[in-house]
Structures are given as C-alpha cells and as structure tokens.
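The chain contents come next:
Number of protein chains: 2
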Amino acid sequence: MPTDVASLTREECWELLKREEFGRLAYTLDGEAAIVPINYAVDDGRLVFRTAQGSKLSAVLRGGTVAFEIDDIGSEWASSVIVRGSAAELPEEEARWADQLRLRPWIRSEKQHVVAITPSEMSGLRFRMHRPWMSIYPQD
Amino acid sequence: MPTDVASLTREECWELLKREEFGRLAYTLDGEAAIVPINYAVDDGRLVFRTAQGSKLSAVLRGGTVAFEIDDIGSEWASSVIVRGSAAELPEEEARWADQLRLRPWIRSEKQHVVAITPSEMSGLRFRMHRPWMSIYPQD
Numbered sequence: 001m002p003t004d005v006a007s008l009t010r011e012e013c014w015e016l017l018k019r020e021e022f023g024r025l026a027y028t029l030d031g032e033a034a035i036v037p038i039n040y041a042v043d044d045g046r047l048v049f050r051t052a053q054g055s056k057l058s059a060v061l062r063g064g065t066v067a068f069e070i071d072d073i074g075s076e077w078a079s080s081v082i083v084r085g086s087a088a089e090l091p092e093e094e095a096r097w098a099d100q101l102r103l104r105p106w107i108r109s110e111k112q113h114v115v116a117i118t119p120s121e122m123s124g125l126r127f128r129m130h131r132p133w134m135s136i137y138p139q140d
Numbered sequence: 001m002p003t004d005v006a007s008l009t010r011e012e013c014w015e016l017l018k019r020e021e022f023g024r025l026a027y028t029l030d031g032e033a034a035i036v037p038i039n040y041a042v043d044d045g046r047l048v049f050r051t052a053q054g055s056k057l058s059a060v061l062r063g064g065t066v067a068f069e070i071d072d073i074g075s076e077w078a079s080s081v082i083v084r085g086s087a088a089e090l091p092e093e094e095a096r097w098a099d100q101l102r103l104r105p106w107i108r109s110e111k112q113h114v115v116a117i118t119p120s121e122m123s124g125l126r127f128r129m130h131r132p133w134m135s136i137y138p139q140d
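If you read the sequences in order, they're chains A and B.
Be aware that the first sequence starts at 1, since it is given in our numbering, and climbs by one per residue.
Be aware that the second sequence starts at 1, since it is given in our numbering, and climbs by one per residue.
If you are wondering where the hints come from, they were derived from the structure by calculation, not from laboratory data.
Every value quoted in this text rests on a predicted model; they were computed, and no experiment measured them.
Think of the CB as a built atom: it goes at the ideal place given N, C-alpha and C, for glycine as much as any other residue.
Be aware that one or more of the hints could be misleading.
[Unchecked claim] Per label pair, the in silico range of CB-to-CB distance:
1) A:Arg10 to B:Gly31: 24 to 30 angstroms
2) A:Glu76 to B:Trp77: 32 to 38 angstroms
3) A:Pro91 to B:Ser7: 30 to 36 angstroms
4) A:Gly63 to B:Arg96: 41 to 47 angstroms
5) B:Arg96 to A:Thr118: 42 to 48 angstroms
6) A:Arg96 to B:Glu89: 46 to 52 angstroms
7) B:Arg96 to A:Arg128: 36 to 42 angstroms
8) B:Glu93 to A:Ile73: 29 to 35 angstroms
For reference, chain A alone in the conformation it holds in the complex (with noise of 0.2 angstroms):
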C-alpha cells in the first residue's frame, strides 16, 4: 500500500460512521446491482436509516448483504468508510427509538419503515489528495 494510503481502524471507521450522517447504500435488486443515498444514524452497533415502502425496502429485506458507503472529501485527506451487512426491519416498538436518535431525515416525506444494518465487514481508507490541478482554482 502507498504511503499516502493508510486503512483506518475499526475504531476510526466507526468515528466517521457516527460523525457523518449521509451515506449511500448499495443493494441488489434482481440480481442487479443499486444504489440510493440515504440519512441514517448509528445506534448500538448497528446503522440505522428510514424508509418508504417500495423497492428499496424489499430488496434490502430480501436477506442477502448490503453494503454501504461515506466519505469526508477534504482538500488534502480524505476518508472513505465501506461497511457490508445484513439489513432487518425494526419492529414497531423499536423502531419508535429511532426519533431518539440522531436520524433525522434532510427531505420531509414519509418514510415509516426503520431499517438497521448489522455490520459484519467493514473497512476504511485514509488518502492523500494529488489534485496539483487543485492549485490553480482558488480554494474554498
């Protein structure tokens, strides 16, 4: 592995997790591949989002492993967290926990199911930035 690559700790991983709140889930769909950007939250291990009924909620419930993706792209560093996992419904009763925590959706709809990702893989990547081209625009 280069030097200006380095893998983040399960700990690590799990600081970005909590820290972020906007991530993209990977699923399948037919036997083909899906994505969807979603809120979620971590709770207890687990990863957390809501949900409409529809495609997304079947097929991530269908039993088979989701993956699932965030990143902190900064000028120099960035960071990129993958988690892979299976995905259950929470119950009802349970699932009212969920507006404790800190999953709070950025669109208003209705999204009444809550799902939680039990993570079985997860890992992370610390990169150095090489955008020379970056120089030449001035920087946020």
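Given the structure of chain A, go ahead and fit chain B onto it with the hints provided.
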C-alpha cells in the same frame, strides 16, 4: 412528490456528472452488493474510470448492470444523480485516450485498466434540506 423535491432533467444530470469527478460504484460480487468510491470522467456519453486488476474489475466486467451515484450536498439544497448501466473495459488503444480526459485519480496507485459505463437509466433529484439543527452550529 413534495414540492421541495424536484427531478433533474437528463441534461441536468449530465451537467452534474461532468462537474463532479468522484462517485460511488455499486456492483454485485458473487450475488452480493458491493460498493466502492471511484474517480471518474465523462467521455462521449459514458462514465470512464481507471481500476487495477482485481475483484472490482472482474465483477463489473461480468456483464451485469452496475449502478453509480454522485451527489452535491450544499447547505440548503442537495442533488444526487444515479446512473445504471453496463460496464466494459476499453481496449488499450482507446484506453490511452483516457489520459486526455479529466480522469485524474486522487490517489497515486497503479490502475492500468480503463472501464467505461454506458448508461441505460439515469435519474436525478434535487431536494431542499431540512436541517433545522444546523442553525445551532456555525455555518461553513
């Protein structure tokens, strides 16, 4: 659809795809969902990225549909574009053209293979953010 969510036109999707250069690729690996962040460029109606030999390359070339997501998160509005399509490795001669593209990996590493995704479906959303809690933090 709530009034604070709007579909992007195909043209707006392409605009955003051309403006960004970092997205997430979802694919299936042994029937399970996988996701990976990638640098990409738009070339002649395709999304082109570099990759090393490995499971990602094998999986995306196995002929199935891959999915790709980019997003642009602002303080009041966010946009997300999702592309589905098939992936194919470019032949060596054509791959050399990739060096002429704005295909600038953010990490230095050996990525000899150039893959092009030809979109079969594309959709984009622009949504107003509802993050009242943001107002208690200093804004960027």
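- request: Against the structure, test the hints numbered earlier, and report the numbers of the ones violated in rising order.
  value: 2, 7
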